[in-house]
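Enquirer: Position chain V against the provided structure of chain U, taking the given hints into account.
So you can see what is in the structure, the chains are spelled out below.
There are 2 protein chains.
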Amino acid sequence: MQMTDIILKKRNNEELLKEEITYFIDGYVKGIIPDYQVSALLMAIVFNGMSSQEVADLTFAMMNSGDVIDLSSIIGVKVDKHSTGGVGDKTSLVLGPLVASCGAKVAKMSGRGLGHTGGTLDKLESIPGFQVEESRDNFIKQVNEIGIAIVGQSSNLVPADKKLYALRDVTGTVQSVPLIASSIMSKKLATGSDAICLDVKFGSGAFCKNLKEAKTLATAMVKIGHHMKKDTRALLTNMDQPLGNAVGNILEVKEAIETLKGNGPEDLVELCLQAGSVMLMQAKIVNNQKDAIELLKNNLQNGKAFKVFEDFVRYQKGDLSYINDVSKFGVAKNVIEVKSSFAGYIAKIDTENIGIVAMNLGAGREKKEDKIDYQAGIIIKKKCGDYVKVGDVIAILHTNHSEYTNEIENIIKSFHLKKEKVDSIPIVYDIIY
Amino acid sequence: MQMTDIILKKRNNEELLKEEITYFIDGYVKGIIPDYQVSALLMAIVFNGMSSQEVADLTFAMMNSGDVIDLSSIIGVKVDKHSTGGVGDKTSLVLGPLVASCGAKVAKMSGRGLGHTGGTLDKLESIPGFQVEESRDNFIKQVNEIGIAIVGQSSNLVPADKKLYALRDVTGTVQSVPLIASSIMSKKLATGSDAICLDVKFGSGAFCKNLKEAKTLATAMVKIGHHMKKDTRALLTNMDQPLGNAVGNILEVKEAIETLKGNGPEDLVELCLQAGSVMLMQAKIVNNQKDAIELLKNNLQNGKAFKVFEDFVRYQKGDLSYINDVSKFGVAKNVIEVKSSFAGYIAKIDTENIGIVAMNLGAGREKKEDKIDYQAGIIIKKKCGDYVKVGDVIAILHTNHSEYTNEIENIIKSFHLKKEKVDSIPIVYDIIY
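Here the protein sequences line up with chains U and V, keeping their order.
In this text, residue positions in the first sequence follow our numbering: the first is 3, and each later residue adds one.
In this text, residue positions in the second sequence follow our numbering: the first is 3, and each later residue adds one.
Extracted from the complex, chain U is given alone in its bound form:
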């Protein structure tokens, strides 16, 4: 088999065989096939796409390029949830304990990455003492005992994706549905859960800029799941405003705790109920959405969800006194109210911009080496559809930086007001099976 022939085949829009895709992935990971041939193939895939069979074969080959985790010693149905990422997305912190409190098993491995705020691992690590490294045995034991564990990915999880992603990043081949879908799904499948619930976000603060793009990506990923005989479902959710009110690591942990105690912001609660009901059906704990939502609502109100969160923090060596008295987290040196200079209904929030401001305040990483300031972030006080008077506080910035004039200006610029009444934005648009 020759890599040049494989490139030519894709260039000529012919379907690649499973053995050709496996040859390419294996050869690339082993260093036999050079970057320059792979980047040419990737660009041909950008233009000609891939059939659902090809994407499944690619995902399978990528998944098998490293460790594939065996979770069979965990009793019960293991459900995993993955979000394509958004601003203020603390869903996993709530949803994990919540569905575990209902009987589903959440054995989650998370990656780190660049972003406006930290990822799930960073948010958890903002709780003093919290450990995201665990032995495989302890990880499995913990899930069997309390229903949930969230740890860092093993370093040998899908090495093909690490190498491919680094190459895609510098060769203009990031934006490609088959490449994005196989990247996400190879990692999800390698971590061994029985069912996968995807939260595909769209809007100004998300990777997919509109509903159509999100639907295309979600459909591709669900199809991969079906090819692999994994129950895979996807929610299409809105990211045209930050999720909930908090953006930033400790701020989001606090909001997650409030939500687990039944006092969460409306959109975050709604997303957790919708995604949670999908996961409970996948876990075969209930067989309809109505029962699922009732069970989930109860566990948010009766303390069961929060109880699992406490167990989870304790098992992973987090200091529970912070959870029980969140004032212990302290606040950033500077807490600045941003006030509106106009009156009207909020029609649009430039969410990507909100994320960039959060990062500039210290909450996220631009480069891998950057350190996160767990205290930094933003509390959004007004959301789309809300009416704002002149002088109303629209957001509160938290930062340990001494200079933040640009950030204030940028927040003001991110809120677009209209004279006429504007509807609030629903969070879940569709669910793809």
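None of these hints come from the bench; they were simulated from the model.
If several chains are the same, the list does not tell them apart, and a pair holds so long as it fits within one copy or across any two.
Think about it this way: if two alpha-carbon atoms lie no more than 20 Å apart in a straight line, the pair counts; the simulated SDA-like pairs of lysine to any residue are:
#1 11 to 51
#2 231 to 70
#3 286 to 194
#4 11 to 49
#5 256 to 304
#6 164 to 38
#7 214 to 428
#8 11 to 172
#9 211 to 10
Owing to the predicted nature of the structure, the values given are computational and were not obtained by experimental measurement.
Expert: Below, chain V alone, put in the same frame as chain U:
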């Protein structure tokens, strides 16, 4: 400027600026831009093409990546001719001396390459003693004195093309009109002639498989010439059968000599008259095709063209006694008549196959290191439109190999006969200005 942005721009089908193209070519030649970014850009060009301004800018940047030859000290109009390559293509051997005998100046630099037979340089080197390396001063002096010199390219001619071609070869990006056109034209323009006559061949023995492809490529190259203010014209010529009768280095030199003496095969003579008339008009020696053809015909008959050929061989240290007595070249050990087992009119000759047989007999190079056997080759005895009886000789193989059964079979398979009368194939289909 970032190479990733340039790739993304081309991926998104936006037009690249001259400075972006120059940045890419300069950076690549200097080794600053890696192969993997270049191959991704090349694949994006394969899919999205290039505007004629982009192709001109690419050609200009490539041309300037190495030496650009200054021929201004040659008196008269320097006309260069380039063929995209075919089987039995000895046109330069005839056309060079012929147009020089009419007053045009031919200061030609040729490259080597892989192929069914050697290139022009190899054919010339089959004349004992012939030198294709000359100092720049001697090269210019020779053209001023006898009107023609054909030498090897300087090693620093268009290094960008060498590097790009090697990469294209292994990344499935050879077939692309802007990339082919800029590759050819950058070399032609770097060798400094005033006018360029292109012979773009199409058919089973050519790079372009049909007239449409040839027209597209020719048009792209002529446009590049216009952008560069060089008089560039292109003939579209047929390669659905070998050109003339001889295929192989010494065999082709002998046929060229016969043609220069006025006894050439019809299609080769016609091509030389048509291309020659274009070149004489480009050299402003005549101002219409009728006068050009009359002049060319006269010089083939009155010995003037052959006289220039003799001068040319003598100036470049070739042994003239071989030219004056071609029997001195000797013949290959095995000369095998291939006879037809059927009767009918020849409708089609699989010319690429004929070329491969010639190569297998020893006449060409498959790999760079391969040595050429100058004596090896094929004489085609019947061409399209000819009637053949059972037992008629259709071709004669010349080889120093002792095994050639497959080659005989392959020749027979290459001739497709029909019961009904078939027209002969014209050689020149169109001329593009």
